[in-house]
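Could you build all of it, start to finish, from the sequences and the hints given here?
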Amino acid sequence: MSDISSIPDRPRTLAEKVWDDHLVVKGENGQPDLIYIDLHLVHEVTSPQAFDGLRAEGRPVRRLDLTIATEDHNTPTIDIDKPIADLTSRTQIETLRRNAADFGVRLHSLGDMEQGIVHVVGPQLGLTMPGITVVCGDSHTSTHGAFGAMAFGIGTSEVEHVLATQTLPLKPFKTMAITVEGDLKPGVTAKDIILAVIAKIGTGGGQGYVLEYRGSAIRSLSMEGRMTICNMSIEAGARAGMVAPDETTFAYLEGRPHAPKGQDWDDAVAYWRTLPTDEGAVFDAEVFIDANELEPFVTWGTNPGQGVSLSDVIPTPADIADDNERAAAERALQYMDLQPGTPMKQIPVDAVFMGSCTNSRIEDLRAFASIIKGRKKADGVRVMVVPGSARVRLEAEAEGIDLIVKDFGAEWRFAGCSMCLGMNPDQLAPGERCASTSNRNFEGRQGKGGRTHLVSPLVAAATAIRGTLSSPSDLDAADAQLETTGAEA
Amino acid sequence: MEKFTTHTGVAAPLKRSNVDTDQIIPAVFLKRVTKTGFEDALFHGWRQDPEFVLNQDPYRAASVLVAGADFGTGSSREHAVWALRDYGFKVVLSPRFADIFRGNSGKQGLVTGVISEDDAQRFWAAIDAQPGVEMTVDLVTRTATLGDFTAAFDIDDYTRWRLLEGLDDIGLTLRNEDRIAQFEARREAWRPRTTPVS
Ligand code: SF4
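For the protein sequence lines, the chains are A and B, in the order given.
Here the first sequence is numbered in our numbering, starting from 1 and rising by one per residue.
Here the second sequence is numbered in our numbering, starting from 1001 and rising by one per residue.
You may find that some hints are simply not true.
Restricting the straight-line Cα-Cα distance to at most 30 Å, the calculated cross-link-like pairs of lysine-lysine (DSSO-like) are [what the hints assert, rightly or not]: (1) A/Lys174 <-> B/Lys1107; (2) A/Lys171 <-> B/Lys1107; (3) A/Lys26 <-> B/Lys1003; (4) A/Lys82 <-> B/Lys1031; (5) B/Lys1003 <-> A/Lys448; (6) B/Lys1107 <-> A/Lys26.
Computed footprint of chain A on chain B, listed as stretches where at least three residues anywhere in the stretch have a Cβ under 8 Å from a Cβ of chain A [what the hints assert, rightly or not]: (7) 1024 to 1036; (8) 1181 to 1191.
Just so you know, the hints here were simulated from the structure itself, not pulled from any lab data.
It should be emphasised that the depicted structure is a prediction, and the values quoted were computed from it without experimental measurement.
The C-beta atom is built at its ideal place from N, Cα and C for all residues, glycine as well.
Pasting the structure below:
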């Protein structure tokens, strides 16, 4: 967009192109660049002090038309018409409502059609699009990179900075290519790809980088799948994750409420087609993953890098060479109450959580429903299904997914972050073990003393049926066995 | 942010090292939704003790804190700076600061000057000899003066310049407002707008 003369003629990566196109001031002598922000998403947890800061300095929001807010982290997922019992939660939400009213920010409150997890709402409205910059006071803003946007989480002072100036002073990020080539086996999903990537490069492996996911396995994913992958870039320590826009991206966007229309659409698509990384562009680092080899993946520890294939066993810390990692593994197994060598599939769970900005879009719910349809959940397992947004919830209900979920014996909830972090009452009890489609298995993340295994929606569904960590293929085997037994009788 | 050139105010001795941000402001206060009004939270644990320095009459109105080494370590919470500022502190002197705390301070107009261990001891002794004595902190010359004793302090050039000019990060960015406006004038029509569509 900026004047052509400033665009370098060397081959550039997708990330570099988006960066260059948002340069307001090029930083000199080690000073940061000033980068323009196209879209600022706001929620109740990280915005109060930012608005308070504006108020103290008498500053307005510079671009209300590039700012949108929703309530998600603290919202209840049942009895949404009743006052919120927890005082902190209620205060945060009421504060956002007051700030939005005072400053004129568009807000989607609990009960509104467009309310939901901030990272589900942006794409669903068609606000998230290729070649833009997106920020939010939330680390999982990386989700929006699935469209070929540069999207990253920021702190509260930066939220204030963007509200006041619509820009951020930033030093350029390094770039890393993550190439996933090949065909995924049936039952292997985007979630399994990203869990495998994190297990490979480690929770700090992406530090300072923008990850660009490339290769045939990425190209073949839906937008929902790409969002799942970019969402968890932050779990590898990266600033952002990106996927180059293509026909899948354009098809997803076209016709959405805020997607460009008419001539604007044609202009946009023409520009978006120029965004993919140029032939010969150089990344600062490269990682390769063979998609053919991947299996359903599940975590056994207390960080997202501590994962193995579902058909594997819990690793033995004594075998880990690195001192820090060994100590971390020992601590994790103690917290998780697991023994080395135990097959993952023998681990029983108390709860299954189907939701979060990683896996709560309509496609995720469809995948989950396709497995549980016509079955009953395992006795004693609590299963909670939480759509990412009110609109996703309605869409799912129109398809009858709510009935499938209820017949299965699971709870069908209203939209929000819910048990991803348990800021609302949706929490694990101490010692409870959960198969969760969310993104963080940190100690106590889903409730004090709670134990989390990160899984895909398909694994979540199979686990809910069997009561132990399972993949859909285990169900087929069990069904076949049932049939044989039936024939014998 | 107000410009800072010199400041004269009561100096309080905080004879402890490794004052982490949890001690400056305990985590329970992070639930608040405002950016101001944290004066009661400052050193909350310690202030329950009547012997604590800020509970002594001459120091209640202190605005310069002379602390031991490694001030502001631990969690990156910006609230630590807000609490010091809201209490009325304009300057903290210490032989060593944690980086993030120091960065946060610069953004909020709180001067953090690095002095030598010896000078910290000297200031403490001088304050003890004359509780409630005022100190003058001069950012132009980077010196702190108490009675007839003057010590030099360190602060990086960029932060000093911003404090002298009274520029917070936002103020600094808004110096480029014309460039931002020019950029906005060039933005294509297809870029997203959150204005409701009918
Ligand atoms: S769903 Fe979880 S990870 Fe996503 S924004 Fe909400 S709390 Fe954060």
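Each hint tested on the structure:
no., hint, in the structure
1, A/Lys174 <-> B/Lys1107, "holds (26 Å)"
2, A/Lys171 <-> B/Lys1107, "holds (18 Å)"
3, A/Lys26 <-> B/Lys1003, "holds (27 Å)"
4, A/Lys82 <-> B/Lys1031, "holds (22 Å)"
5, B/Lys1003 <-> A/Lys448, "violated (46 Å)"
6, B/Lys1107 <-> A/Lys26, "holds (22 Å)"
7, 1024 to 1036, "holds (count 5)"
8, 1181 to 1191, "holds (count 8)"
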